[in-house]
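Protein chains: 4
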Amino acid sequence: MKVLVWNENRHEQKNPKVSEIYPEGIHGAIKSFLTEAGHEVTTATLDEENHGLSDHLLNQTDVLIWWGHLAHDEVKDEWVEKIQQRVLDGMGLLVLHSGHFSKIFKKLMGTSCDLKWREADDKERLWVIDPTHPIVSGLGSYIELEKEEMYGEHFDIPAPDELVFVSWFEGGEVFRSGATYKRGRGKVFYFRPGHETYPTYHNKEIQTVIKNAVQWLNVTDTNQPTYGNSEPLESISKKG
Amino acid sequence: MKVLVWNENRHEQKNPKVSEIYPEGIHGAIKSFLTEAGHEVTTATLDEENHGLSDHLLNQTDVLIWWGHLAHDEVKDEWVEKIQQRVLDGMGLLVLHSGHFSKIFKKLMGTSCDLKWREADDKERLWVIDPTHPIVSGLGSYIELEKEEMYGEHFDIPAPDELVFVSWFEGGEVFRSGATYKRGRGKVFYFRPGHETYPTYHNKEIQTVIKNAVQWLNVTDTNQPTYGNSEPLESISKKG
Amino acid sequence: MKVLVWNENRHEQKNPKVSEIYPEGIHGAIKSFLTEAGHEVTTATLDEENHGLSDHLLNQTDVLIWWGHLAHDEVKDEWVEKIQQRVLDGMGLLVLHSGHFSKIFKKLMGTSCDLKWREADDKERLWVIDPTHPIVSGLGSYIELEKEEMYGEHFDIPAPDELVFVSWFEGGEVFRSGATYKRGRGKVFYFRPGHETYPTYHNKEIQTVIKNAVQWLNVTDTNQPTYGNSEPLESISKKG
Amino acid sequence: MKVLVWNENRHEQKNPKVSEIYPEGIHGAIKSFLTEAGHEVTTATLDEENHGLSDHLLNQTDVLIWWGHLAHDEVKDEWVEKIQQRVLDGMGLLVLHSGHFSKIFKKLMGTSCDLKWREADDKERLWVIDPTHPIVSGLGSYIELEKEEMYGEHFDIPAPDELVFVSWFEGGEVFRSGATYKRGRGKVFYFRPGHETYPTYHNKEIQTVIKNAVQWLNVTDTNQPTYGNSEPLESISKKG
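Protein chains in written order, with my numbering: chain A, 126 to 365; chain B, 126 to 365; chain C, 126 to 365; chain D, 126 to 365.
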């Protein structure tokens with residue numbers, strides 16, 4: 126499967142704490158365990174030309190992973206529209222953490238995608254809500270993260286097609302931290318964890334979720350609807 | 126309740142057949158039966174200044190009804206964004222017929238909202254799928270329209286929160302013709318019928334659906350979520 | 126509106142702590158604030174003849190509230206079937222707390238309705254997930270209960286039609302504590318709080334939720350589907 | 126994958142027209158194309174001892190297919206409960222056609238599962254509603270069946286988790302003819318076509334749907350939730 130990991134890659138340049146945790150960037154860390162899982166992984170970052178994107182690259186991508194935070198507004202609308210079109214045409218999209226405020230996620234949801242947040246070393250525990258879902262295969266009842274940024278309800282998203290995880294936070298909040306959507310012929314999964322100052326993407330269970338999600342997001346042999354002006358399939362009676 | 130009926134109002138100017146059916150415009154026809162039902166109804170049309178809209182008008186509107194077809198692109202993005210914001214803040218939105226391709230509906234759905242169509246005097250029969258829903262109160266098992274434009278699946282929308290009607294068409298197609306969504310603190314209802322060359326909005330059962338929908342779309346005393354940086358509600362342990 | 130509050134009423138007879146909190150039984154406490162809200166409220170309990178139920182009583186009930194815990198198995202199947210039939214015919218059903226294991230709730234859900242639990246004076250915080258929902262009208266972002274029994278995920282229910290509340294528990298768990306379903310022409314709301322040894326039903330916000338729920342569960346002028354052998358509405362061509 | 130095809134197998138004994146179309150029974154026809162697809166297929170029928178079922182057989186079954194019509198009431202409750210338990214434990218269940226009224230489907234749905242019907246050689250056209258779904262892989266926009274029994278809305282089922290097909294009928298009705306549900310750790314798919322007097326299960330596209338459904342219903346490596354009394358994961362403060 127062809128996976129494209131897109132990362133804003135700004136924190137890594139500015140904050141030594143982040144570059145220490147992710148010496149090859151968040152995109153590099155994700156690429157590493159997905160490559161090991163047998164996928165063909167490419168990375169792209171904001172400050173590359175065209176944000177590292179091209180029509181050719183998007184067209185051959187099965188699943189796109191998106192991490193952004195500081196500079197959502199710098200992503201050009203032209204590329205957001207191209208990504209949306211690719212999702213509608215069947216490309217999977219995994220939106221991570223602060224990507225909840227990315228242009229592409231808001232565009233696909235139609236809501237503000239706002240939430241409560243706090244950077245205070247909260248413990249997080251992600252409870253499995255939907256045990257039938259392929260995304261939770263291999264996990265126990267929950268994933269525990271010693272320290273994470275808190276995201277709390279209300280999370281202003283459409284009601285998910287499937288609610289996969291709900292998080293408990295030490296400071297007293299809850300959050301719908303794993304949510305699936307279908308848009309057009311493509312699938313979308315939002316997965317909450319991954320603040321840049323914590324080693325979340327080195328956690329084996331988080332990696333399991335991301336690997337499962339990539340599998341689930343890949344829609345092969347999709348049905349191809351047709352649209353537009355259509356001849357009748359049955360005869361239509363003449364009316365007065 | 127304060128209802129705003131927005132109509133593109135172009136067909137009425139160009140096509141005598143349409144102005145004969147709707148001498149006061151589609152907006153006028155809808156205003157008439159909603160006024161009779163006791164609502165305070167205002168109308169606005171595309172070619173008025175600011176499309177007949179103002180911040181003040183939108184802010185005091187409980188439910189906005191939208192009919193457009195030929196000139197979706199002429200609706201200024203600025204107003205589309207203001208309408209979206211009002212929906213997220215609690216205003217109800219009833220999107221009618223060819224409004225499926227309006228900027229505001231596509232923005233709230235995140236999909237192409239494409240479909241099959243045909244102008245061929247198809248008979249349409251709208252079957253009630255959800256008999257508990259307030260929107261179908263007072264109806265029988267179905268509504269029959271002698272002649273309508275056909276809209277057929279696949280309709281490229283997110284899976285509705287509630288599926289209220291499915292249409293049967295004489296030419297052999299089906300369509301999800303009544304679908305509800307929540308977006309932010311507001312509600313959205315898409316209702317299919319109403320091609321400009323047929324007297325659909327004079328049909329009493331169609332009027333019943335629109336009146337029921339206006340009631341259902343009106344969200345009063347909505348809960349007010351807060352967002353942003355939040356203090357913990359519980360003490361957070363010091364981590365290493 | 127005619128509300129019937131059904132209570133097992135066994136804890137109240139056995140445990141002085143419970144009868145001290147609810148001197149007139151849990152049913153009496155609920156009856157009290159619903160009567161004050163203007164409803165016509167009847168109560169019924171397990172050990173009355175026919176569990177206090179009759180065909181006449183059920184037939185005239187708009188909304189039934191159900192609290193049971195120790196003796197689910199003593200509720201006769203005959204009455205469970207009659208209640209199910211009334212829900213399918215349009216009666217609202219509010220299932221409280223340990224009613225998750227009642228015969229009627231399991232019958233309407235089709236699953237085990239199992240969950241994690243603990244009696245350990247956990248603090249509970251019920252977060253509002255769906256701010257558009259009439260059931261949360263008048264609440265803030267959450268309801269806090271100083272002490273409650275913990276119920277934790279996984280809660281083995283079908284995915285709710287609407288998820289209204291998610292609870293945070295001091296001991297580290299989360300729970301889908303407010304969930305709506307439609308069954309037939311009736312509506313069902315499951316609401317988690319209300320362990321017998323805590324004064325939960327004296328809490329004003331919990332009372333607000335129950336009063337809102339009673340309003341929302343009442344389906345008036347419901348559409349009446351017909352079933353069975355049906356004549357064609359269109360002519361059917363002769364096949365070979 | 127281990128597939129068990131259960132068939133009532135009464136029409137085949139009574140009606141020469143049926144045994145001519147399905148000389149090895151409906152179960153035999155389904156077994157044939159699933160065996161060809163590489164599955165290990167067993168069959169069982171109503172009039173065998175224990176309806177052809179055993180604990181051992183159910184326990185090793187990945188996906189159970191169910192066809193019944195005349196004699197739903199003769200299926201012993203004991204076996205219905207065992208099948209329900211297996212679904213909750215992860216076995217897939219494909220309910221075909223008149224199985225909508227089977228004890229097992231009604232038990233898992235919690236509703237009457239009633240509908241309109243007619244035996245009049247209606248043409249049926251099953252439109253794809255969810256093009257992302259693996260169940261429609263390999264199909265075009267619709268499946269057309271020259272003659273089938275009509276099933277019409279309202280179909281008294283809970284709102285499906287996913288709506289995959291909607292049928293158009295020549296006589297004027299529509300029907301939600303492909304619907305998915307999760308129950309416990311298992312998945313359920315209801316698929317409408319297959320009246321005994323028509324050669325529907327010999328249709329290649331219908332076979333494609335059944336083969337796709339069997340793949341989709343098979344939940345491997347399911348997450349295993351735990352239930353019951355649970356120790357706290359966090360310390361709980363002493364209350365007054």
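For the record, the hints were derived by calculation from the structure and aren't laboratory data.
Mixed in with the good hints there might be a few duds.
Since the list gives no way to pick one copy over another, a pair counts as held whenever it fits inside one copy or between any two copies.
[Unchecked claim] No farther apart than 25 Å at their CA atoms in a straight line, the calculated lysine-lysine pairs in the BS3-like style are these: (1) 232 - 201; (2) 364 - 232; (3) 307 - 228; (4) 231 - 248; (5) 127 - 363; (6) 127 - 228; (7) 329 - 272; (8) 329 - 207; (9) 232 - 272.
To see whether the hints hold, each was checked on the structure:
In this assembly of identical chains, residue 232 and residue 201 lie within 25 Å of each other by CA distance both inside one copy and across copies; the values are 13 Å within and 18 Å between. For the homomeric pair residue 364 and residue 232, neither the shortest alpha-carbon distance inside one copy (43 Å) nor that between copies (37 Å) is at most 25 Å. In this assembly of identical chains, residue 307 and residue 228 lie within 25 Å of each other by CA distance both inside one copy and across copies; the values are 17 Å within and 20 Å between. Taking the shortest Cα distances, residue 231 and residue 248 never come within 25 Å of each other, neither inside one copy (27 Å) nor across copies (35 Å).
For the homomeric pair residue 127 and residue 363, neither the shortest alpha-carbon distance inside one copy (53 Å) nor that between copies (41 Å) is at most 25 Å. Taking the closest pair of Cα atoms, residue 127 and residue 228 come within 25 Å of each other only inside a single copy of the chain (23 Å); across copies the shortest separation is 33 Å, beyond that limit. Only within a single protomer do residue 329 and residue 272 lie at most 25 Å apart by alpha-carbon distance; the minimum there is 15 Å, versus 35 Å between protomers. In this assembly of identical chains, the alpha carbons of residue 329 and residue 207 never lie at most 25 Å apart, being 32 Å within a copy and 37 Å across copies at closest.
In this assembly of identical chains, residue 232 and residue 272 lie within 25 Å of each other by CA distance neither inside one copy nor across copies; the values are 30 Å within and 36 Å between.
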